[in-house]
Amino acid sequence: MARMKFLCDVERCIDCSGCVVACKEGNQIPVGVNRRRVITLNQGQAGEKSISVSCMHCADAPCIAVCPVDAIYQREDGVVLVSKKTCIGCGYCFMACPFGAPQFPKGAAFGARGAMDKCTFCAGGPEETFSQEEKKLYGQNRIAEGKPPLCAAMCATKALLAGDADVVADVYRERVFARGSGVNAWGWDKAYNKK
Amino acid sequence: MTNSLNDIRHAKSMIFIGSNAPEAHPVAMQHVLHAKEKNNAPLIVVDPRRTKLAAKATDYIRIRPGTDAAFMMGLINAVITNGWEDKEFIRTRVAGYQEMAAVAVHYTPEVVEDITGIPAAEVTRIARILAENRPTSLTWCMGGTQHHIGSSITRSFCILQLVLGNMGVSGGGTNIFRGHDNVQGATDMCVLSDNLPAYYGLSDGAWKHWCRVWDVDYEYIKGRFPSKDWMNKKGFTLARWYEGVLQEEKIHQDTPIKAMIQWGCGSNSNSQYFKLKKAYDMLDLLVIVDPFPSMAAVMSDKDNAYILPATSQYETSGSVTSTSRQIQWRNKVVDPIYDSKDDYTIMAELVKRFGFADEFYKNIKEIPEDITRELGRGSLTIGYNGPTPERIKKHMENWHTFDIETLRANGGPCDGDYYGMPWPCWTDEHPGTPILYDISKSVAEGGLPFRNRFGNERTYESSGRTEDQLAAPGVFNPGSEVEGGYPEFKDVVPGTNWKTDLSQETLKVAIKRGMAPFGNARARCVVWDFPDKVPIHREPLHSPRPDLVEKYPTYKDKENHFRVDTRYESEQNPELYKKFPYVLTTGRMVEHMGGGAETRSNKYLAELQPEMYAEINPRLANNLGIRADEMIWIESPEGGKIKVKAFLTERVDDKTIFLPYHFGGMFMGESLLDKYPKGHEPYVIGEPGNICTNYGYDIITQIQATKDGLCNISRA
Chain A
1 MARMKFLCDV ERCIDCSGCV VACKEGNQIP VGVNRRRVIT LNQGQAGEKS ISVSCMHCAD
61 APCIAVCPVD AIYQREDGVV LVSKKTCIGC GYCFMACPFG APQFPKGAAF GARGAMDKCT
121 FCAGGPEETF SQEEKKLYGQ NRIAEGKPPL CAAMCATKAL LAGDADVVAD VYRERVFARG
181 SGVNAWGWDK AYNKK
Chain B
1 MTNSLNDIRH AKSMIFIGSN APEAHPVAMQ HVLHAKEKNN APLIVVDPRR TKLAAKATDY
61 IRIRPGTDAA FMMGLINAVI TNGWEDKEFI RTRVAGYQEM AAVAVHYTPE VVEDITGIPA
121 AEVTRIARIL AENRPTSLTW CMGGTQHHIG SSITRSFCIL QLVLGNMGVS GGGTNIFRGH
181 DNVQGATDMC VLSDNLPAYY GLSDGAWKHW CRVWDVDYEY IKGRFPSKDW MNKKGFTLAR
241 WYEGVLQEEK IHQDTPIKAM IQWGCGSNSN SQYFKLKKAY DMLDLLVIVD PFPSMAAVMS
301 DKDNAYILPA TSQYETSGSV TSTSRQIQWR NKVVDPIYDS KDDYTIMAEL VKRFGFADEF
361 YKNIKEIPED ITRELGRGSL TIGYNGPTPE RIKKHMENWH TFDIETLRAN GGPCDGDYYG
421 MPWPCWTDEH PGTPILYDIS KSVAEGGLPF RNRFGNERTY ESSGRTEDQL AAPGVFNPGS
481 EVEGGYPEFK DVVPGTNWKT DLSQETLKVA IKRGMAPFGN ARARCVVWDF PDKVPIHREP
541 LHSPRPDLVE KYPTYKDKEN HFRVDTRYES EQNPELYKKF PYVLTTGRMV EHMGGGAETR
601 SNKYLAELQP EMYAEINPRL ANNLGIRADE MIWIESPEGG KIKVKAFLTE RVDDKTIFLP
661 YHFGGMFMGE SLLDKYPKGH EPYVIGEPGN ICTNYGYDII TQIQATKDGL CNISRA
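From first to last, the protein sequence lines are chains A and B. One point on numbering: in the numbering used here, the residue at position 189 of the first sequence is 189, and numbering is uninterrupted. One point on numbering: in the numbering used here, the residue at position 131 of the second sequence is 131, and numbering is uninterrupted.
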């Protein structure tokens, strides 16, 4: 069975936030909750790079390991989901996650906890597929419709890839091969005195 | 755009100057990155800011704002000095080359370094990259045009491509990315004050041509004007309309402007925006047609404004033209919501009340199809006659049959057509012209030579040399009856030419003979009716370099420039920089659009970019005692001032301040939030960057100079 993965190609990501807006608009996410965000390093300096980050749907997900009420689970295709009806909003998953993926509704001074929200890979949630309840709690279930997640589908430069990890890896491998030759090859500038 | 977005995939190198595509044209970037990855094409980015596009560049060159022409002439000189020019292309298809080269020779790498700040060695190195990686796709945007010498700067880009022989080839071309949805269409319909649709100008012949198309009596149209001579005079431009109200400078019109309609116009994209405030207050009537209340809607202190709620593009349908000259059909997704009406309905209601609906709608019964039909029938200059509504819709329904690399349909109902029938599409059987001036294909298959527009022969003032303006023998499209240059077609139908023959017989005859209706000529480097016949550098009106103002001064003042006297010489004070020491430039951010009325009213976009700011180099900020995120005042020499947050970043150098121009709803430190209609306030308001942009207008087009002004800054 395929294992679902995201891959953000930093040579392609142009920091346009199209993925962020597609996710929010398509899933009706409240302002302040960011299932996905674009992080830029070295902004305005040589070597500036941007990467779109969300829940990475880890194979051995630390959030699942630490959840005290077993609200987080992994589907057979690798998508990690949370049951909002079980979640107590304690924030252990937030501490465990290396990517800052778990989101909590905004509250007062100390950050009121509510049920955790995060990227669903546009695969809905534990409620009945295509039900109103699923849509209300988790947003669209595009995977069940046979469609890719909104963010990757929207990406103008195809920096953000989503789907079967084998297929994603093939696409990325081809790009990396193309980039590793000619003027883009490591050492080309020194070898041919191009700079 | 001579080529298309898709065709950039074939470039062997790319140079972007005054263009920041990831912010302004994110969707186009897929083709740019494709060429970079697949062809190993160097991506050269020339910009005062280290932009998001610079982050993707192989070579980033920081340039001083307003010095693009000097850099281009320097590249041209370096190409010629090193013998890298395309000699055969120049010999056969270019005019005025020697006269141009005689001017370019001044721009040695050292001179270019002094003017632009680009190291001399870099000028030669970039020229070499372009010479060794042909064809080059060259892109510029508003960073190239919005200067008082914008018309010279853009010409210098074109001349570079001619010298390198990069015109009329796949992967080459001058590819100006248009800034908004359907801007190419708006341009083609000449929503301008000096032209009738399709670049026909304002001559009597132009009026008579369009009267025939509209099926309206010429005498009737003439009767609508106070006297005939007003029909041939240019009007005010968007950049300077407010002078028509304020009359701070002498205007050439019988009365000041009293009423104004702003239809889909973000008024805060006007430079010296604080002056518009006075003009809005003085208008008798202001009508705003927009899906959202724009900045103009809250500017006036007088009760003189009406807002007509227009629909978004999703609530209407019709033809639109993309940056690649492709005509597409847009289908309605939902019926107009709330009280909004689509543009056609608003226009119809206006026309009815003005009392000329019978004339206006003579050929237009089915909306919008008949509009596309009528404008196509008249727009022969640019070959809009081929794409009928039926053909456009057929393309939309079959777009999966078009090839992403060539844009050509491979089989299916559109077999052989290029997607969107890029204009000129001469007849209803023509496939469209995907690459302009490409002589490798027959005219019937989408090829073209350069247009014969400026006579058949010319004697140059600077050299006294006389040159044939038609292409050299041996230069022709396959199948052409004449195997060399030829003039434009006329009198095929007596008394008409290819532009005015509504029977389209001339176009058909030309194509049957394998020839271009507009002739086969050379591209000219010398424009004898411009003040600078060959592009040269002139210092920005407000320059930080008094020594260069002396060497490269601006033009003489220009009287009656689009109905208003315009200052050049008398405005260029070399001492100005002492009080206003920092260069001010503006640009876009990807999250917001134009004046921002729409995007600042979208909660997710507002969340991503919630606040107006000024980019300041950390070194400059430290020298001035400004800390990150502190509020600062920015002041223009004209008296505009804004209070904004300091965003410390090395995107800009320590002499330059950058402002995004999408914010509105604040005015010189005051919030205008309570002036919006209740419930229609944008989520985000901020100071318009254009309050601080300076005086300065292009000598030909009058486009505003927003990219190279001066300012002062201080802690608030």
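I should point out that these hints are in silico values taken from the structure, not numbers from a laboratory. Fair warning: there could be bad hints in the mix.
[Unchecked claim] Below are the EDC-like pairs computed for lysine to aspartate or glutamate, each with C-alpha atoms no more than 16 Å apart in a straight line: (1) 558(B) x 59(B); (2) 49(A) x 23(B); (3) 38(B) x 11(A); (4) 190(A) x 635(B); (5) 603(B) x 25(A); (6) 49(A) x 249(B); (7) 158(A) x 461(B).
Quick caveat, the model's predicted, so the values are computed rather than measured.
Could you grab the alpha-carbon distance between residue 38(B) and residue 11(A) and see if it respects the 16 Å cut-off? Since the Cα atoms of residue 38(B) and residue 11(A) sit roughly 13 Å apart, the hinted pair holds (cutoff 16 Å).
Has the given pair, residue 158(A) with residue 461(B), been kept, meaning a C-alpha gap of at most 16 Å? violated (53 Å)
Regarding the pair residue 49(A) and residue 23(B), is the alpha-carbon distance no greater than 16 Å? holds (15 Å)
Check the hint pairing residue 190(A) with residue 635(B) against an upper bound of 16 Å on the C-alpha distance. violated (46 Å)
For a C-alpha distance cap of 16 Å, please report whether residue 49(A) and residue 249(B) respect it. violated (48 Å)
Run the distance test for residue 558(B) versus residue 59(B): straight-line Cα separation, threshold 16 Å. Since the Cα atoms of residue 558(B) and residue 59(B) sit roughly 39 Å apart, the hinted pair is violated (cutoff 16 Å).
Is the Cα-Cα distance between residue 603(B) and residue 25(A) 16 Å or less? holds (10 Å)
When the structure is compared with the earlier hints, violations turn up for hints 1, 4, 6, 7 and for no others.
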